[in-house]
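Sequence lines, in order, name chains W and D. My numbering puts the first residue of the first sequence at 1, with every later residue one more than the last. My numbering puts the first residue of the second sequence at 1, with every later residue one more than the last.
Watch out, some of these pointers could steer you wrong.
[Unchecked claim] Chain W residues, not near chain D, derived (Cβ > 10 Å throughout):
id, residue
1, Gly15
2, Asn39
3, Phe66
4, Val202
[Claimed, not checked] 20 Å max Cα-Cα, derived SDA-like pairs, lysine to any residue:
id, chain 1, residue 1, chain 2, residue 2
5, D, Lys90, W, Leu53
6, D, Lys20, W, Arg90
7, D, Lys90, W, Gln108
8, W, Lys109, D, Leu2
9, D, Lys20, W, Val128
10, D, Lys20, W, Ala132
11, W, Lys109, D, Ala9
12, W, Lys38, W, Leu194
13, W, Lys109, D, Ala213
14, W, Lys109, D, Ser87
15, W, Lys109, D, Leu6
16, D, Lys90, W, Gln73
17, D, Lys90, W, Gln28
18, W, Lys109, D, Lys90
19, D, Lys20, W, Asp91
20, W, Lys109, D, Phe84
21, W, Lys6, W, Asn57
22, D, Lys90, W, Asp164
23, W, Lys109, D, Lys20
24, D, Lys90, W, Tyr78
25, D, Lys90, D, Ala213
26, W, Lys109, D, Ile15
27, D, Lys20, W, Ser131
28, W, Lys109, D, Asn80
29, D, Lys90, W, Asn71
30, D, Lys20, W, Trp93
31, D, Lys20, W, Pro129
32, W, Lys109, D, Ala3
[Stated by the list, open to error] One side of the interface only, derived from the structure: several residues of chain D facing chain W at Cβ under 10 Å:
id, residue
33, Ala3
34, Asp42
35, Glu49
36, Gly216
Quick caveat, the hints were computed from the structure, so don't treat them as lab data. Beta carbons: idealized from backbone N, C-alpha and C, even for Gly.
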Amino acid sequence: MSTIVKFENVVAVAGSFPVLTGVDISVQEGEIVLLQGKNGAGKTSFLRACAGLLRINDGSAQVLGFDLRVNRQAPRRYIGLLGHENNLYRDLWAIEHVEFRAVLGGGQKSDAAEALARVGLTSRLWSVPISALSAGQRRKVAIASLIANRPQLWLLDEPHSALDALSRADLNAILKEAAASGATVIFASHEGVLSEELSSRVVTMRGGQVVGDSGAR
Amino acid sequence: MLAEVLLLARKDLRIERRAKVAVGQVAPLTLLIVVVFAFALDANAPLLEIGAGGLYWVAVLYGGTLLTQRAFEIETEGGNFDDFKMSPIKAQSLFLGKSLSLFIQICALELVLTPAILLLYDVQVAEWLLLIAAGVAGAVAFSVCGVLWGVMAAGLRVRSTLLPLLLIPVLAPVLLAGSRAFETALGIRADAGWSWTSLMFVIAAVHTVVGLAAFGFLLEES
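So that you can see chain D by itself, here it is in the shape it has in the complex (with noise of 0.2 Å):
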C-alpha cells in the first residue's frame, strides 16, 4: 500500500512541478493577500500584530482550497477517475497519496508565507517548536480534509464553485485551532496554543478515518 501512496502522490507532484500552478500562481496569490493585509491595515500596526495569526491561517485557508482544487482538477480535465477505478489500486492509497501530495505543497506553501508574516507584521516567534508543529497539523487537516470533499465535489459539474462552498465550513475549525496555536507561538497571547496544536491532529485523524473508509465509495460515485 505504501508504494501505491507514494507513486501516487509522486506522480501528482511532477505534474505540479511541470505546470507550475502551485508555484506560479497560488503562492504568489496568497503571499499577495499577506501583503494586502499589511497594506490595508499598517495604519492599525498593534492590530496588525494581534490579527497575524488569524491572516495567516485565512491566506493559508484560500491557497490550500485552491490547491485541492487543483489536486482534482487534473484528474477530472482528462477523466482520469475511470482509470483509476478501473485499476486494482486501493480508493484508500489514492486517498492517502493524494492527501500526501496535498500535504507537502501545503506545507511548501506555509514556508513561503511564514516569513512574509514575520516581516511585513512585525512579528516575532516565542517558540518555535511550537509554531512549526501547528503548521505541520494545519497542513495535515486541510489535506485530508481537502482530499475528502474535493472528491465529493469531483463528479459534478459545478465542482469550482462547491468546493470551496463545501470545505470552507469544514475547515473553520482548523482555521480557528491554527490562528489561536499561532497566535500562542507569536508570543501573541498566552494562550493553550498545544491544546488548539492537538485540536487540529485529532480533526485530521477523524477525517482520515472518514476518509479511509469512505473514500472508495465516493469515487465510485463520482
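Same shape as in the complex, but just chain W (with noise of 0.2 Å):
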C-alpha cells in the first residue's frame, strides 16, 4: 500500500492566523479516515490543504506523491472535495451539473446518470432545477458530482449534512466501496456513531493540531 497523505509538521496560514500548527500525519491507500474535533480545531483547514487549495507555510506536505510546496495544483485533478457548501448551479438541472462536473473533471456527461442513480436521486428529479431540490437532494447531486469524477482521493467536509438515515447509509456504502477498489477517503464529522462505523482509522485534531490517532483498525 502506498502512501496518500503525509504531512511532517505542517503549519499553514489563513490571512494571519495560523490554521494548522504543526500537523504530523500519514494517510495509506484504502483507508477511511475521520478527523474528529471541535470547532475550529483545523479539520476544514487539513482538508483544504490536503486538496491544494491552502499554502503550506512550513513543514513536509505530500498528497499522492506531489510535494505541494512545489506545485499545490498538481494532485488536484485526483482529488474530490465535497466542502460544507455544495458548489451548485442552482439554475442547472441536477443532470445537467454532474454532466458539466464530469467532463470538467475529464471523464464523460454518460458517467452522470449512474453518479445519480448511485446516490438514490430519483430519475424524476435529474431534470428540476437545483433551485427546487430539498437540501438533502442538493447534497446527493454534490457527491454525485464527485462519484461520477472517479477520484482518488476524497476530502469530506460533513458529508453526511442534511441526508435522512437511509442516504448516510447510502453515502457509507458508496465510501467503502470506493475505499475497496484502492480510493482513499479523509472526512470530517460530528455524525459520531455513523461516522466511526464507516471509518478504518480515528484522527483527532486539535488547535491545529493532531492530538489523537487511533491507527488502523
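Assembly of the complex is requested from the two constituent chains, each provided in isolation within its own frame, with the hints serving as guidance.
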C-alpha cells in the first residue's frame, strides 16, 4: 500500500491566523479516515490543505506523491473535495450539473446518470432545477458530482449533513466501495456512531494539530 | 481547448437562459436608461442626436458591468471557483469561456439598444458596416476586460461595489472609442470611425493576452 497523504510538521496560515500549527499525519491507500475535533480544530483547513487550496507555510506536505510546497495544483485532478457548500449551479438541472462536473473533471457525460442513480436521487428529479431540490437532494447531487469524477482521494467535510438515515447509510456504502477499489477517504464529521462505523481510523484534531490517532483498525 | 471553452460558455448561457437575469432585468434596465435620456433631453433634440453614440455606449457600459457581475456571481454564490481549481481544465479555457458567454450577452444587449436609439433619438445609420464592426469590437473589449477584472474582484467580500470601481475606468477608452465610432457610423460627425474601432480591437487584444497569461494566477488567488 502506498502513502497517499504525508504531512510532517505542516503549518498553514489563513490571512494572519495560523489554522494548521504543526500537523503530522500519514494516510495509506484504501484507508477511511475520520477527522474529529471541536469547531475550529483545523479539520476543514486540513482538508483544504490536502486539496492544495490552502498554501503550506512550513513543514513537508505530500499528497498522492506530489509535493504541495512545490506544486499545489498537480494532485488536484485526482482529488474529489466536498465542502460545507455543495458548489452547485442553482439554475442547472441536477443531471446537467453532474454532466458538467463530469466533463470538467475529464470524464464522460454518460457517467452522470450512473452517479445520480448511485446516490439514490429519483430519476424524475434529474430534470429539475437544483434550486427546487431539498437540502438533502442537493447534497446528493454534490456527492454524485464527486462520484462521476472517480477521485483517488476523497476529501469530505460533513458529508452526511442534510441526508436522511437511509441516504446516510447509502453514502457510507458508496465510500466503503470506493475505498475497497483503492481510493482513500478522509472525512470530517460530528456524526458520532455513523461516522465511526464507516471509518477505519479516527484522527482527533485540536488547535490545528493532530492530538489523537487510533491507527488502522 | 476549444471544447473546454465551449463547455464553459454553454454552461453560463444555459444558466442565464434559465435565470433570465439578462433578459428580464439587465436589458430592460439599460433600455430604460436610453428612454430616460430621451425624455430628459427631448426639449433639445439636436443635443440628443449629437449625443446618441455616447449615450448608447453609456447604456452598454452600465449593462455590461451588470452582466459581468452576474457572470461571477453565479460562480461565487456556490463556491464554484474551487471546483475549477480542482479540475484539470485550463485557466485560459475558463477565461475564454467566460469571455465568450459575456460577449454573446453583450451583443444581444446591443441588438436591443441599437433600434432603441435609432427610434428614440431620431438618428439614421450612415455606415452600417462600421456600426456593426464598432458594436462587435466594443462587445469583445467589454467582455475580455470584464472577465479579467471580474476575477480580481471575485474573491473579495466587497466585490459588488468594487467591480464597477475597477472596471469603469478601465473601460473608459472603450466608451470613448465606441462613442466616436458610432458618431461616424450615424453620420453625426465625419471622423476616423474605423480608427476608433481598431483601437477597441487593440484594447481587446491587449486584455486577451494579459488575461491568457494572468488568469490562472488570479483564479488561484481569488
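Here is what the structure says about each hint:
The Cβ of glycine 15/W lies farther than 10 Å from every Cβ of chain D, with a closest approach of about 12 Å, so its non-interface assignment holds. A cut-off of 10 Å between C-beta atoms confirms that asparagine 39/W is not in contact with chain D; the least separation is 19 Å. Against chain D, the non-interface label of phenylalanine 66/W holds: every CB pair exceeds 10 Å, the least being about 14 Å. Even its closest Cβ contact with chain D, about 26 Å, leaves valine 202/W beyond 10 Å, as expected for a residue assigned away from the interface.
For the hint pairing lysine 90/D with leucine 53/W, the CA-to-CA distance comes to about 16 Å; that is within 20 Å, so the pair holds. Between the alpha carbons of lysine 20/D and arginine 90/W the distance comes to roughly 13 Å, so the proposed pair stays at or under 20 Å and holds. The straight-line distance between the Cα atoms of lysine 90/D and glutamine 108/W is roughly 18 Å, inside the 20 Å bound, and the hint therefore holds. Proximity of lysine 109/W to leucine 2/D is assessed by CA-CA distance (about 17 Å); at most 20 Å being required, the pair is judged to hold.
Restraint check: the Cα-Cα separation between lysine 20/D and valine 128/W comes to about 17 Å, which is no more than 20 Å; the hinted pair holds. Annotation: proposed proximity of lysine 20/D to alanine 132/W holds, straight-line Cα distance about 16 Å (limit 20 Å). With a C-alpha separation of about 17 Å, the suggested pair lysine 109/W and alanine 9/D falls inside the 20 Å cut-off, and the hint holds. This hinted pair checks out: lysine 38/W and leucine 194/W have alpha carbons roughly 17 Å apart, not beyond 20 Å.
The straight-line distance between the Cα atoms of lysine 109/W and alanine 213/D is roughly 30 Å, outside the 20 Å bound, and the hint therefore fails. Under the criterion of a C-alpha separation no larger than 20 Å, the hint pairing lysine 109/W with serine 87/D is consistent with the structure, at around 15 Å. The straight-line distance between the Cα atoms of lysine 109/W and leucine 6/D is roughly 15 Å, inside the 20 Å bound, and the hint therefore holds. A C-alpha spacing of about 11 Å is found between lysine 90/D and glutamine 73/W, which places the hinted pair at or below 20 Å, so the restraint holds.
At most 20 Å may separate the alpha-carbon atoms for a hinted pair to count; lysine 90/D and glutamine 28/W exceed this at roughly 30 Å. Restraint check: the Cα-Cα separation between lysine 109/W and lysine 90/D comes to about 19 Å, which is no more than 20 Å; the hinted pair holds. Of the supplied pair hints, the one linking lysine 20/D and aspartate 91/W holds, its CA atoms being roughly 10 Å apart against a limit of 20 Å. Using a Cα cut-off of 20 Å, the hinted pair lysine 109/W and phenylalanine 84/D holds, with the two alpha carbons roughly 17 Å apart.
Using a Cα cut-off of 20 Å, the hinted pair lysine 6/W and asparagine 57/W holds, with the two alpha carbons roughly 15 Å apart. For the proposed pair lysine 90/D and aspartate 164/W, the alpha carbon gap of about 37 Å is over 20 Å, so the pair is violated. At most 20 Å may separate the alpha-carbon atoms for a hinted pair to count; lysine 109/W and lysine 20/D exceed this at roughly 26 Å. Under the criterion of a C-alpha separation no larger than 20 Å, the hint pairing lysine 90/D with tyrosine 78/W is consistent with the structure, at around 15 Å.
With a C-alpha separation of about 11 Å, the suggested pair lysine 90/D and alanine 213/D falls inside the 20 Å cut-off, and the hint holds. Between the alpha carbons of lysine 109/W and isoleucine 15/D the distance comes to roughly 18 Å, so the proposed pair stays at or under 20 Å and holds. This hinted pair checks out: lysine 20/D and serine 131/W have alpha carbons roughly 14 Å apart, not beyond 20 Å. Distance hint between lysine 109/W and asparagine 80/D is fulfilled; the C-alpha atoms sit about 19 Å from each other, no more than 20 Å.
Restraint check for lysine 90/D and asparagine 71/W: the C-alpha separation of about 15 Å stays at or below 20 Å, so the hint holds. A hinted pair counts as satisfied when its Cα atoms are at most 20 Å apart, and lysine 20/D with tryptophan 93/W qualifies at roughly 15 Å. A C-alpha spacing of about 14 Å is found between lysine 20/D and proline 129/W, which places the hinted pair at or below 20 Å, so the restraint holds. Simply put, lysine 109/W and alanine 3/D have alpha-carbon atoms about 13 Å apart, close enough for the 20 Å limit, and the pair holds.
With 10 Å as the threshold, the beta carbon of alanine 3/D comes within range of chain W, its nearest partner Cβ sitting at about 9 Å, so the hint holds. With a least beta-carbon distance of about 39 Å to chain W, the hint placing aspartate 42/D at the interface is violated under the 10 Å criterion. With its C-beta approaching chain W no nearer than about 41 Å, glutamate 49/D sits outside the 10 Å limit, and its interface hint is violated. This hint holds: glycine 216/D has a C-beta 9 Å from the nearest C-beta of chain W, less than the 10 Å allowed.
Hints 13, 17, 22, 23, 34 and 35 from the earlier list are contradicted by this structure; the remaining hints agree with it.
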